[in-house]
Every structure is written in C-alpha cells, then in structure tokens.
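Residue numbers (my numbering), protein chains in the order written: chain Y, 1 to 538; chain V, 1 to 451; chain U, 1 to 472.
For the record, the hints were derived by calculation from the structure and aren't laboratory data.
Treat the hints with caution; some may be incorrect.
As the list claims (entries may be wrong) - Now the stretches of chain Y that chain V is said to cover, found in silico as 3 or more residues with beta-carbon under 8 Å:
hint, segment
1, 35-43
2, 124-131
3, 140-153
4, 173-181
5, 299-313
Where is the CB? At the ideal position from N, CA and C, for every residue including glycine.
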Amino acid sequence: MSLATDLIGEPIGADALSDLRSAVGERWVRTDPHVLDSYAAQPFHKVEVGVWIHRPIAVVMPGDATEVAAVVKACNRHHLRFKAFSTGWGAHAGAGFDNVVQIDLRRMNRILELDIENRTIVVEPYVTCAQIQAEVMRHGLNLHIHGAGSNCSPLANATSHMGMGFSSISMGYSPRNLMGIEWILPTGELVQVGSFATGAGWVSPDGPGPSLRGAIRGFAGADGGIGVFTRVGLKLYPWSGPAEIEVSGGSFRGMQVEIPPLNGSFMCIFSNLEDYGDALYDIGYAGIGYAQFKAATGLGLAIGEPELFRRIRDEPGFREQVRAFENQFIVIIGGHTQEHFDYEVAVLGDIVSEHNGTMNSTDGLMATGRGGLWWAVIRNSIAPGMFRPTGNFYSSMGGDEAIANALRQATVGEELKEGFIAEGSCADDLVDNAHTLLYENGLYAHTEELVLYDHRDREQNRKLKGLSDTVMHSIVERTLGGGGFSFFAGAYAHEVLGPHMENYHLWQRRLKSALDPEDLSDSKYFINSEGVEAAGHG
Amino acid sequence: MSLESYRCDMEGCSRCSSCKWIPLAQIRSQRWSQVCPSVWHNDFHAYSGSGKLNVALSILDGRSDFDESAADIFYACTMCGGCDVGCKVYRNDIDLTDTFHEARARAVELGFARLEHLQLVENMRAENNVFGLPRDERADWAADTSLLDANSEQVDILFHVGCRFSYDESQRDDLLAAVEILRTTGKRVGTSGTAEACCGQRAYECGFDSELHNFGDDMVNRVRTSGASMVAVACSDCFGAFNYLYPRNGKDLGVPVRHISEIAAELAADGSLVGAFSTPNATAAARPRVVTYHDPCHLGRRGEDYAGEFDGPKIDRPDNTRRDGRGGRYDAPRDVLKSLPGVTFVEMQRVREFSWCCGAGGGCAEGSESFSIAVATERLEEALSTGADTLATSCPWCVTNFTSAREQMRADGDHREIEIIGISELAARQISGEVPVTITTTATTCEEAAT
Amino acid sequence: MTTPPIPTTTPTDVVTVAAGVDLGNHIRQAVSEGYGLVARSSTGQARHGRGTVSGGARLLDLSALRRVPLLSARERVAIVEAGVTYRQLQPLLDAEGLRLCHPLLPPAGKSVVASLMDREPPMAPRHHWDFTDPMLCAELWFGTGDRFRTGSAAGPGATLEEQWRAGMFQKNPLGPAQTDLAKLAQGAQGSLGFATWTSVRLELRPEIRADLRICCEDLSRIAGFVAAITRRRLGEEILIMDRCQLTRIAEALGVSAGEATHRWSLLLTVGSLPRRPEESMAMQLRQIEELAAAAGLPLEHLAGTADQELMMAVTSLPELPAKIEDWKLAATGGCRELAFLTTLDRALPLVDHVRSRWLGLGIGEGSIGTYLQPLNQGRTCHVELSAFVAPAEASTLDDTTAVLVEELIDAGAFFSRPVGAAIAPTFARCGDVVRTLHKVKAVLDPHGVLNPGALCFDPAIAAAAFEEVSSS
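This is chain Y alone, in the form it adopts within the complex (with noise of 0.2 Å):
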C-alpha cells in the first residue's frame, strides 16, 4: 500500500526545465508541488489504494500542436517520460510514473471547423462533447457521446480510450467516428492521419494505403501510451429537435424539460432475460432508435433517488420487488418527421408486445422530473452522477460482442458482485449494474459490470484489485467478449489477456516498441517497450 507522500519522485532538473519553458513559454510550465499535486489526485478508475498517483514532474500547457512537438521533444532530449490528457478525469489521464511530464491540453480548445452539409466538425483536445453538442444542434446535428460523459473531450475518447455511449444505436462508437487524426508520435514527429494529410480535408481516416488509425488504437485507446493526438475530424449526426432545449428546475434531479415534437423516450420492461434479449435482437433488425441503453435498476435509483434507494435496498420485501424490473432498458427515439417517429414508436411497441413486455414513456420518471431523463441522455449528463451513491465507481468486462455474450456477460456478472457484496469489495447495489448498450442497429452489444464503492473506505478500497483480477480472469475462463475495461488495471493486465487473444500483448508492445523505442510516452495503461522494464504497476 502507498502512503499519501509516497509516489513523489526527484524534482525537474534545470536543463530540461529550460527547454519546457522554451518549448511553451515560461507561463505555461509549472512545477510547484501544489500544482503538480492537482494533477496528482486521481481516485477514478484506480484499483491502488488511496487517492494519489505518481505526480508528474512538470505541467506544461501547450497552445498548439507545434508546441506539443516540443514537449515531446524536450521529453525525449531529457529522457522523461511523458503523458498527455484533454479533459483528464480517471487516474489513466494521470501520470504512471516518476519523472512523467504532464501535457495538460487545455488551452487547446477550438472548433476549428465545421462543415454542416456533409456532417463534420474539427475539434481540439480541450472541446467537450456539450459544446460541440450545443454548438451543432442550431445546425440540426449531434455528435455520439460517450459513456463517461459530455464534460468529456471526444478527441480524447475517440482516439485513446474507449467509446460506447447511449446514442451508440445510431452514432457508433467513438473510433468509428474519426475522419482524420492529427497525432504527435512518442519521438515527436507530427503524423497527420487520413485524407487531411495530402491537404483533402477531412473527408477520410484511412489512408493513403494501410490505415495509421490501427497503430493508435484498437478496441480501447493507449490512454497516452502511444504519443499526443492535438487534432481530430469527427463525424456528426442528425438531430431533429430544437436549436437549444429549455431546461429548469434543476440540472440533474427535479431538471424539467419539455420533450420537443419528434422526440420521445421510452421504458420496456420485460419479465425474463430471454425476452429481454430477443427484444434487443428485434430492436437490432428493425433499425430503430436513436440512443439505447439499460437503464441498471439499482444504479439508477441510487443515482436519481438516493434516499428512496438506501430505503429499498435495506428492505428485503422492497428490494425483490425492484429487482423484479431489472429486465428492462430505456428506448429514445428521434423521428426525422411525425410519420418517422410514429413508425419508429409503433414498431418498438410492436416487439415489446411480441416479448412479453410493457413500455411507457419515461416523461416524468424519476426525480430527473419530467423530460429529464430524455434530456440527460441525450446530453449524456448523468455519468458524474455515477459517484453520488458512494463516491466512486469501478467498471469492469465490457468486451463488446454479440447480444448473447452481452447477456451472458450480465449473468456472470452478477453472479460474481454477489460474492464481492458479500466480501465487502463493494457496496450492495441491489446486484444489478450490468447495462446493455446496442451498436449500429445492434449488430452488437455491449455490456459493463459496474460496482459503486468508496476509496474513502480503506478496507473496501484495498479489496479492488482482487475485484478487478477477479473479473479478468473470468473473462477468460469464461469467454466474456473480449478485454474490455480490463486494462484500467494497468498494462499487467496484457499479461493475463494476451495469452488467450492471439497474444495480440506481443504485437502491442512490439508495435509500441517501433513508435516508441525510449517508452517515453506515458505506458502504464498501455504496454512497455520491449526490453523496458515494466514499473509503476502498483
């Protein structure tokens, strides 16, 4: 276990110092230990006890991707390591090590530009998913965003971490979204990928010949593994309500919005799994919805009623009763014209009914009041509320595949947070936390097992990584989909998963290896370089 003074390393040495002020200018470096200190806690997504990580050596904030060709380069010069994060939230944004130079992107926040008639816009790091969303809806459009949220950047999303969302249905999933990449090597090359590269603007990622897109990331992103990425074209989506949505009441709980014409949400619930999932299926072949997702029982009241949920989960006859209705998920859809959007409404009706099930409008459930559940989804505004429960939240499996292994992995999911409610890993949140997402007509699926509990809690905190190990190995030992979320537990989770994937760990690191021969670009939650030793696992 780390004591709280324990991962601070030696302080920057002059030289290089000197060389970050020259590359960014004096303002933009910083190295006093309190502000080295805030990028330093980062409690989210940490299996390490406690709440602190390596704190990096130096912040330096680069204006352009020129400049971060200079860090990156003065890195490399000086030998240090360094990792770069947009909006930076969860402790593989954070440094992995000592000696770590941390790229802050924020004031790299521009839309740099948007093209309404063939749907894409052009962002740096630092622009979160709600502007650009509020910026693109005055034109009819929307933009896919991802679970974590849209305080989020989806620069960073898309090109280094992961990318379900609920509007996944209809938009994807964030890779699939790039259009062009702009993307500082490890060594500090700047590599522009897809068509913007021969000067065609943003029309392809691909290209020419083999696709660099690859090289930077798979399934999940190298979460600065793999260089500094300081431009990205994104693709865009229709949307067919108003310009801005008037929203009062609150922001979150009791927020009242009126669901415009064209739009409408939906709550199907079903009595068994098997109907759930053939539902799912049908929603699939049907080509309906606009966002999706399970709507998990538990989390849901906790998040949005937390004291009618403490009331529940305490009481055994309430709490079977709830749980009665973990079958279910949350339908949105959005009509491009009345007769779209009744067709759209009739048909979802039409597979409810055919499995068993009822559906009902979500307008006014809850205490997100009315509307305010449809309002939160589509600006994707609940996920912070994922740490009102008990502070924090975990978030394993996530291999994303067929409908059937997404149910499966729901079934084995709760079958282990039995145990580790059991144990005390985490809190009881009536078991069901599993959530269910389609992707593009719901050709597949995806499915994570969260679990809520508190880093405060020493004793809960230190039993995390048994957690997390624990559902690692059964997504081998029981063919859960694939890697998922597992390598928020670091890069040793590559060892653990490779040898049953095609040793892809052995192509990673050799990949990383080429890009990277100093493994200077942050690898903790990637891969080290072939022949580095591997540190800073914890």
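Starting from the known structure of chain Y, fit chains V and U onto it as the hints suggest.
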C-alpha cells in the same frame, strides 16, 4: 469547523471537472460554458474547485507545505460558489467553497493573508466599514430621507444599508430608489445610522472569521433594539451574510431578511411599485431598453436560506440540507425587470445558480484587481452578446466592478455601449421617465473617497 | 529509420494454398529462403495489375479457400474465406434473407475478402458506418508467419467454435485490446499481412424494393439532395453516374441503356424495413419525395419501366454474360481508372478536371465514365473516372497519370487507395505517414517478404517521401 474536517470532501473528488462548467444540461454554447473564474483565468487545474481540494489534501497529507504558493492558489478565487453548484448537480458529499474558506482561514492563521485583506480588516476594525472611511459619515447619504432612527425608534423594517451603498456616491440613485421602494410598503422603515456597521462578510470570505462573529453580534443587537420584524438589504453581500453565514455561525437575527428585489417584486405584483416613482411624465416617457440581468452570487447561489447541518455521513446527506444554489433569489429581480415599462428583458446563458461571477468577491476586488476586472469583463462580453443595452443587477459591488471593467474596456479602445445599473435605480428611471430620484453632483466612489 | 530489406532472390512461381493454416509455413519458408510473396484471392484479370507477379516473387493463390464457416441470420454475420467471390456468396445469403453490401458490379472472380481488404466502396451508404465496413474481423498472417485474428475473433475462446458456443460471433471489428492490426493490413495491398478470412456484417434483405432515379444536369443540386437523404439514412443503394458510365454498363450487361437524357443520373433504391414493411416504404418514400421536391429535382419511379432493368443490374449482382468477367473490360479489353475520395459537393471540379485532361489526350467523350459513390453515410464521396480505352491506348494515359494525380491532389482529391501511377505522388505528400508506416512494416513484416515494393514500401517512393518530411 477546520480544514481537517473537510478531508472527506477533498478525498471524495473524482476530478470529473463539473466544477469547471455550468451544469452540463444547461450548456448552450462553447463560449459561455465555463463557470469557474479562477480556472478560466489561471488555467492550471489547481485553480479549479477540484484542484483546490487537491491542494488542500496535499497539505493535509504532508505532501506539500501551506506556504505563500498555496495561499496564492486559494486567494485566486472569487469564492463565487459556481464550482459548488456544478459539483452538487451530482454530489451530496462535497462542499467546495466551505473547504476553500477553511483554507483561507488557515492562511490567515499562518500569516499568509493578503496585505490588502489585512487593510480591509483593519478598516473594519477602525471604522466599521471596509473602506476605512469615517464611521460618522456613514449615514450622511440619508440626511434628507427622513428615515426613522432604528436605534431610538421602533421600526417595522430595519434597512441595513451596507458599506458600499453608505459611502459610494456613484450608487446613490440606486440606494435612494431602494429607500423609495421600502417606503412604498407602508411600513415604518428605519436605519441604524452611524451605528450601522459592516456585515463582516467580506472579511469572512478572506478568512477572517472573527470579524463576522464580532460584527454579527453587533447586528443581532441592533435588530433587537429596533424592534423590526424584518431586515431589508439592497446589497447582496449583506443578504448572503445575514441569510446564510449568520445562522451558520450561530448569529440569529430573529427576523427574516429580505432583499430589495424581493420587496420590489411583491410591489410590482400588486401594482404598487409604480407608485414609488410615479411622476407627471411617468410611463409615457419610459426609455426603451433591452435589459439583461446579472445574478449576484450572494443573492443567488450563496444567499440560500441556511438549512442546518446534516448529522451523519455526508454521502447520505439529503439534497435539502446541502447548499446547491437552487434556493437563491432569482425570480424576484427578474419579475421586477419584466414589470417595468420600456424594458425588453433578455437572458444571458449563464444565469441563476450557474451565473458567472462579477469578479468582486472573495477579496479579489481588493487583492487581485486585474483578475477581478478580467472576470467582470467576461461578464460584460456575455451581456453584450445578448444584444442588451443595459446590464441590471442587484448588488452595488457587482455594479462597481462592472463599471470598472467597462472603463477598462473603454481605455483599451472598446467603446461598445452598455449601461450598468442597479435594479432599484432602473425601476425608478423606467417608471418615472428617466428622472433621477435625486440629483447628485460629482459622484464619488468609496475607493476614491478612501484615497 | 528501419526499412525492411527487399528480398533479392526471386522465384516466380504460383502456389495454390489449400488451407489457410498452411500460410504460416509458406511465409516462414519465404523468410528462410529470402524471396517475396504476393497473395491473390480473386481470379480473372486484375484491373490494376495487382496480384500478379511483378519483379519476381512467389504468388500465393488463395482462391481455393472457398468455405463459409459461419453464416448466421440471427447474428447478421458470416465468415468468408479468401477465395469466396461475391457471386458465390450471394445465393447463400439469399437463402437466409440476407445481403452483403457490395461494390458496384464486382468482376466475376472478385474475392469478397480481397475487396474488403482493399476498402472497395460499397453502394449502400446507409450501412457504411465506417470505412472498414462491412468487414468486421479478419484472420491475418504476418511476415513472421504468425497467424493473428483481429477484433473479437481474437478471443477469449481459442477456437471459433468455442467462441460461438459462448455467444461470440466475430462481430466486433476493433482491436483486440489497444491496437487494431486489421486496420493496418486493410488498404496495405498485402504488404502488411495476408487475410485468409474475414467476418462480414450482413443486412436483412428488404421485402419490398423501390427503384428511383433522378436525372439532372446540375450535380450540386443532386449533392444537396443526397446530403439530405443520407443525413436521415434514407435509401439503400445510392449512386450517381454520368451517361457514359451508364451506357457502358448497359452495353456490357446487355440491357437497355434507357433514357439518359441528362448528364447525371442518381440511382436510388429504397428497401422496406423488416417491421411493417408497407408502412416503412411509404414513410421513406414520402420523405424522399418531399426532399426531392424541395430541391426541385424530378424523382422518377422506375417500377414497371424499361429503365428498371438497368437499375436492377447496376445495384445488384447480376449474372454476367458469358465470357465477361469484368464489365469494365468488356468493350475494349482495357480500361484506366482514377479513383479518389472527396465530398459530393466538392466533386464536380475534380471530375471536370480529369475529363478535360483526358479529352485533351484524345479520349472520346463517350469513353470517359464517371461514377460517384456516397460513402460513410453520405459524408464522403468515392469518385471514379474510367477511360474505356483499348489496351494500346492506355499507355498514353499512363504517361500523364502522375501529373494528373498531382493536380488532383492540389485540388483536394484524396487517393486513399492509390494504385499504379497514383502511388508515388500521393505518398510524396505525406512523408510523415510513410515514415510511420515503415516502422509498422518493420514490426509486421520484419523480413520484407509481403508484397515487396508495394505502395510506399517501394524504396524510390519512400525516399521521395522522406525528402518531403525533411524539407518541410
């Protein structure tokens, strides 16, 4: 309370950055999406709400010292509470601004208080006002108002004027208009005259807790002496102090505290506000204006009714015992503005509990002037973006800071016009046909008077 | 900079690969004996000369790999081996009520896997979520002789059967983990890995189909309309051709060319959705009609007209007349293409530029066909100009292609899949990419045995590109 008592809050921060933005559901543009002036201006995470929690935890954990550098971070903040609102959209167990307050109190204990803040406190101790102007001139403004002397007469409403209004001649029209509004209630209205003293709020926000306690005790006594059934204020800082800080610190005024905008709104609702300012050329001559409204922090999110402390683990704290800003006074001033002849009311994007700060609070107007003006300028830009020609607000500190920012803009060659005005004065002007309540010549600000 | 060596020993023979599992041995043998390998999955004459033995290397013929190990209607997915052609697959899909979005009239011997690995443009933008589609996972063989299954096919689950039993159907195209080797191999023309199978996403075959056409002189109005319908994901196949292209297809397939009175024809099929098919057709058609009316475009319903035959031929996989393997080569036995990406609203100047250059070289008006294919749900447009010329004339074009490509790149064209003379000028513009690809090549093909000299791995092309980087 102590800094240590907020350790759980500090450790609880997940770094989601909700403290940097207006609530996600409310964002309508990239341009007006930020809520925290401190990180907006200083960029590094340490200056955000989350970052200041991190810094405090670093100190408590012995990873860094509480030194000048740490104090700089805690003082580079207007204490506006915007971060708290963003955070409490999701969290019940973190109190950001209260933590910052304790950090400032620690800074004072350790001798890192800002010189300007020490001067402010010295002024208060010497002259009962933040400017250090003579205490016996505090009631000069009221010479012709024939308000009752609440020290010797029983009143229904004790009007606490506050330091800024008492001494700032440039805001005299707003003050006198407020008096007219109070008179229109038909109640006996009085002031404490030269016996009135600062509410203590500005010292408290700089980390000088004892000033609030001392001035609070005085205020409690004055209210009791007056026999008032209500304390009225026209200053939002005073409102926030009386309505929230006093009860939280055990100072029970025993009567409700009402801001002038609330009283005016009631008068507007029953049609009697017009009577306060009617003149022969009233209404018909009302100047057409496009007005937008700035929510002062201490009338809004920082001015909520104190709901007591939750006795249990904060993670289980119910919504109604936390300070999430939603209980601030937001509708009353808007109701007043919408009732005024000639006024077309438009909203900015950052309003109500997620309003952008004017920059004057937290000791910044005194100790970090350029930061304070930058924050106010940002708000003027937002106001201008609405097409408004008038920025109304309900706090003399906001008016002062906006006015300074506008002057700076002009000095920098930006001559876009927007009139900055207190809500009472605006009511008077619109209803009376632009005839000022009283004629002041050579208006002097208190800063000018103090130098 | 590590650039894999180009093997010098060059046996020029052809080996038929009987089973995918044999590929590793073939590669290891090539490594050990120091010769290069080229893989070919399709049969018949190649349009661009790729897949033939050039410069001496062993040709691995994968066309005998013809199994379809998985075809699931419930999961809308199939696994096809490298030698399976579109026309072989189609009847299997028909029987299940499924279809695979495919490119325009692939040659008879065109391998599905080869087409997908080359990112050939499918005709239905609605189902084109990303440029890798409809390919999902792949079984790849790298230059080390190692097999690697990409996406969720990597596992867990050591065999496909084990994965199927667990409800995994090789559907997730990403990864595994934090790299995506399929994306590196795709578009690499065999230089970064050979594919022995891929899984493909399938769509449900619509119960009802409508064939629509808009003829118009003004491409910009068509572009606006296409943007409007693709934004709503209306329509299945959506493609635009000029008169020459349509006429050449009609002639090759032996169907009526119809009344192509305007320069541009937008061909649009609409398919019913699986639920409430009639209602869904009416709903979609109403929107399309309204949007066409708003754009002032004449929308023709071709049902029952003579033109429907051509429409059906273009948008489906018709039986080709005997002896015609590739419609493009049917008339003259030769053809030269220029294909690049842009957006539909920016396509016309590029098209006109190519036409003007080719006309200047004496190519007849009636020999230059233009095909515009909206991709990526309408955000991108594949532009394909074809000069239907006799093989002897083709060399005239070849001599000028490099310059023309330069001009097109300057004007905003993106050669995402460059072939022939387009390769050098394209890579010369992105030395940063070339340098990075060489690092990748050193990992996936450290001995340089996979399609030596292809794309930017040609030493001369690489040298020019590196010069571009150092001078910028």
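Each hint tested on the structure:
no.: 1; hint: 35-43; result: holds (count 8)
no.: 2; hint: 124-131; result: holds (count 4)
no.: 3; hint: 140-153; result: holds (count 3)
no.: 4; hint: 173-181; result: violated (count 0)
no.: 5; hint: 299-313; result: holds (count 3)
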